[in-house]
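Here's the letter readout for the chains.
Protein chains: 4
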Amino acid sequence: MIVVLKPNISKKDEMAVLKEIKKLGYKPHVMRGVERTVVGAIGDERTHSTLETLAAWPQVESVMPVQKRFKLVSREAHKGNSTISIKVGSNTIVVGGKKVQVMAGPCSVESEKQLLTTAHSVKAAGATILRGGAFKPRTSPYEFQGLGEKGLKMLAKARKETGLAIITELLSEEHAEMVAGYADILQIGARNAQNFQLLIAAAKTGKPVLLKRGLSMKIEEWLLAGEYILANENSNLMFCERGIRTFETYTRNTLDLSTVPIIKKESHCPIVIDPSQGAGRSDLVVAMCKGAVAMGADALLIEVHPNPAEAWSDGAQQVTLEGFAKLMEELKPFIAAAGRE
Amino acid sequence: MIVVLKPNISKKDEMAVLKEIKKLGYKPHVMRGVERTVVGAIGDERTHSTLETLAAWPQVESVMPVQKRFKLVSREAHKGNSTISIKVGSNTIVVGGKKVQVMAGPCSVESEKQLLTTAHSVKAAGATILRGGAFKPRTSPYEFQGLGEKGLKMLAKARKETGLAIITELLSEEHAEMVAGYADILQIGARNAQNFQLLIAAAKTGKPVLLKRGLSMKIEEWLLAGEYILANENSNLMFCERGIRTFETYTRNTLDLSTVPIIKKESHCPIVIDPSQGAGRSDLVVAMCKGAVAMGADALLIEVHPNPAEAWSDGAQQVTLEGFAKLMEELKPFIAAAGRE
Amino acid sequence: MIVVLKPNISKKDEMAVLKEIKKLGYKPHVMRGVERTVVGAIGDERTHSTLETLAAWPQVESVMPVQKRFKLVSREAHKGNSTISIKVGSNTIVVGGKKVQVMAGPCSVESEKQLLTTAHSVKAAGATILRGGAFKPRTSPYEFQGLGEKGLKMLAKARKETGLAIITELLSEEHAEMVAGYADILQIGARNAQNFQLLIAAAKTGKPVLLKRGLSMKIEEWLLAGEYILANENSNLMFCERGIRTFETYTRNTLDLSTVPIIKKESHCPIVIDPSQGAGRSDLVVAMCKGAVAMGADALLIEVHPNPAEAWSDGAQQVTLEGFAKLMEELKPFIAAAGRE
Amino acid sequence: MIVVLKPNISKKDEMAVLKEIKKLGYKPHVMRGVERTVVGAIGDERTHSTLETLAAWPQVESVMPVQKRFKLVSREAHKGNSTISIKVGSNTIVVGGKKVQVMAGPCSVESEKQLLTTAHSVKAAGATILRGGAFKPRTSPYEFQGLGEKGLKMLAKARKETGLAIITELLSEEHAEMVAGYADILQIGARNAQNFQLLIAAAKTGKPVLLKRGLSMKIEEWLLAGEYILANENSNLMFCERGIRTFETYTRNTLDLSTVPIIKKESHCPIVIDPSQGAGRSDLVVAMCKGAVAMGADALLIEVHPNPAEAWSDGAQQVTLEGFAKLMEELKPFIAAAGRE
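Residue numbers (my numbering), protein chains in the order written: chain G, 5 to 345; chain E, 5 to 345; chain P, 5 to 345; chain X, 5 to 345.
Treat the hints as calculated values from the structure; they're not laboratory data. Predicted model, so just to flag it, every value in this text is computed and none were measured. Careful, some of the hints might be misleading.
Copies of the same chain are indistinguishable here, so a pair counts whether it falls within one copy or spans any two.
What the hints assert, rightly or not - No more than 25 Å apart at the CA atoms, straight line, and that leaves these computed lysine to aspartate or glutamate pairs for DMTMM-like:
#, residue 1, residue 2
1, K27, E116
2, K31, E116
3, K211, E178
4, K222, E237
5, K31, E147
If we strip away everything but chain G, and leave its shape as in the complex, we get:
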């Protein structure tokens, strides 16, 4: 850590800072500049206590960490790209490999018919993973909260019929075992991205975890939330960008596609893009998928509904079955251009 001292402080005040740095196990190193004295505190910042409390001292101007705080998710920890293998029957779906995987399905599971129609259709168009919410986090307590375990059973049936793997949201620690009993991938939603107890519960099921970025989560916070998964002995983590909250109101969120190269640079875990939540408008989904694929995304998560206008949640952002098939067709040249399959 770097501790910047205020100008013109007494020798005694400076000594107190050095003493505190030593007490916390770092070795202080003083540099006298023209306008400021700067103290380097030498030691591993991830295993020692933080020095940021020094910022509360009157003689200290600022404290700056020099190390990144994430370890297991970092590219330094694992030079190659991690891949996640999901077995469905005799098939293996690999996320993070050469093939760009597409996860598609309705925002909410509404009925067996709705789900199976969608599943067969997205499978035919080339999707390999079926998404569908059985437990829905809703802004208002008066909105549809999902079909619960009944919805999970429908997802299991769809997997059996189609061979698609299943991804669905986990939103309560108490459901972790139950949801893991049906799903191939557990999704942690944006609103729970720093619900650390839920992250730990998800990790402990052993199932692959897709961690959405929180609405106002900085990259480092997102990586550290992912660290909760790996530190709980589950190495099957993928990050999913779904848009951040900004001042813009034209779109529901601002999809931050720069996360694709950034996650690739900082971490070995796969990166998935969710353009449906990102835009909140189905008319922007196609362009965003093209951009995501061109920039190197490992997978896409797309909301598809047989009749978006009658969806029980988030209708405006779901594409139709036909729209999805067309989208898959249009993506092909971009997938090829990116050297993927």
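Knowing the structure of chain G, use the given hints to seat chains E, P and X on it.
Below, chains E, P and X alone, put in the same frame as chain G:
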């Protein structure tokens, strides 16, 4: 709801919209403007399905709700100010009444000595409620996560010794009963403000709930999260502003003091201000407390530590025991100016 | 416009609203809902006074516009895509046509050698337009402010030598004629995006204008700023996304690539992407260019410097001459996939 | 500056960094940590070139400045509080002294009658400075752009009749002399807060300048924009917070009252609060004024209109004459509590 149609659409497309509006139980009402046709959908928006899915239709330009979605927390539902009474021994502490209550104490409970020293000191300075975290949500899995139930026992001891009521954070559904067994008020932290399962679990304990605003939560979302408490039959809700996330980096968060008059206007529930989290810097806490009190806050939540520089979490934002006593003294004329006690 | 009245207001208060609506030239249309009365005000919102002042009335809950406020830049005004033709010698460069144009060059013009070296190199790699700042808006008055007219002369020389068109920033009304005397395209920077006097001065030169999006500019505000150009009789406008300011600090700005399909949908004007400002880090530029091209951008604006580490401004975001040549090569398959040249 | 090197780089790469640091006039100082090597670059950062370009080097992880970049506006440069004296006839109005000054008046000057009515009324209620826009920056080219010099003449007449000082917005370099001929204080609006040419032109008139914070301006950027005024030999600068742009849509902007203690801490210049722009809603103005005064604001800037519902601009945020008189009465106990007049 108001449905704005695109210009120059066919009669058939318009009819389809009207039919859908009727199907969802609203009565359509067409207004032909100069450039746009607008359809009013008449019916109670809180009990009918939303029409927002219509925005997915190609012939629709936009859909705008006209009603607010929160009910029980709204000022319309309860004209007077709600008050929350907390009994400690033979005393009753009222939040939302004439007296501005001060909740003070360390960010984390670290030891019995640290907690009791602080408790006696803040009590002497005029605080009536003791804060202290036993379970801590931390950005990194490698940071101190709180003393757990051991910390709760220390809080209970401090209450017994001082007569202060206890507020502490709940961060897992699975702890709800345990934490409620020790605490007088359950705090829901900013990162869990839309962890709806936790909100429901907190509500069901019957204990008063202090709901912090999420880092990027709009006023309406915050009120709706509060609605989860009241809709689960717990009327003892208070809102707590603790700063939102913006582009500014000088302060850790941007404390939005306009929430004081806004919550007073929209809701009957008390509003609490947390300047410690808001600024993340103890040197701004005094000014923010003055502003909060002048604007009509019902209570303050202030982090106080015997030795902030050695705090196990968030040292930079905690004030000293002496600093707190001085602050309480300085607030007096502003409390009087606001017609409070 | 739609005017939502508060519940339970008197007949007299309602009548006053209707009277005011009529006075401003609209025709009121009352809809009585279950919980709210809503008044539609029928008339062209772009030629009548706004009714938003009604929101100040105690009996009014909210006022919502139903029309968009931009006209000349809108897709409704001009169904096809506008193109901008720039003549350099006997060549014509078309922005907004089939060919994706690349504008490249240093952040600041520093010397003839620096500029000419860059110009020849980017031309060889396929760029058609040379960028370079002669007048630089700098956060601090103590930073390098640009070479001024001397820099413009160097740009003119580079055009003569290479046949590249010139784009450079205009940041003072008083320089409009002078800068237009040297440049083929006038760039309006993000900090001046709502400096309306500068927009008018730029428009009046008759030169094509590239309008960057302001750091916290909503899409509608950006389109309306563009409207200032067209309304001042200059139809050669292109929009340029260069990243918006958000809470994220990993990148300097958050590049909002969704602007590509949004501008294409709302406007007929070309859309340019500036990934250098967007990321503020040269290591993310390649991925962002791929994304921009895949999503349909008409042009790219890229900072290139022979020796970024010694640049007089914004070194961290400039790519090297070799990096640029490699980037142009890597973009080819994506340009082809997008059906462009 | 502090330069953090990447782990495991070659000796040669490290030497290149040290050489570059020396070349730019700093003295390098190497600290070898456990995981990272850090180089302190010793020298005055405000007079040497920035080292931030080093961040573009592959062997460099990050570059962190240790000095603040503003000088003349800083509290270090001038320990006491600066005051600004404005003479109107035989009176002197001091901003930044013991008396909290109130600047009040309409958003736009609309007519002599509107202005004089307002001026007499706000004077009677205790205001000492009259605000009113003659040149208006408007989001759309089709909105009312102000009366121009005709409006300035009306302001001059109001000053003569009432003895109020005049503050009005300057939005074009070309108007600087003209506007300075009528006004006592030049206002630089939020959209022009980084229009550096305008700042220089304003400074050179010698008139006091009120610099509004830009919509997404960081504190340091704001202070540096103020530095442009002082560096151009005009020491009569006051900062004005008017709300920043955030994700919240309930209010037009988020008024950041923490700027009051922050500006007081970092700078010697007065701080003014504009609650009208800050909230965009007149019903929140009273509470915000109370908060601002309690926190130590030197002046308030309040929009007042005889008939807000018929205002030609921003009606929703202007208070009535009666509302203003009542507000001034309600502020008295808070001004007294703050030890001001």
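Structure-based check of each hint:
no.	hint	in the structure
1	K27 <-> E116	between (63 Å within a copy, 22 Å between copies)
2	K31 <-> E116	neither (64 Å within a copy, 31 Å between copies)
3	K211 <-> E178	both (16 Å within a copy, 21 Å between copies)
4	K222 <-> E237	within (24 Å within a copy, 36 Å between copies)
5	K31 <-> E147	between (56 Å within a copy, 21 Å between copies)
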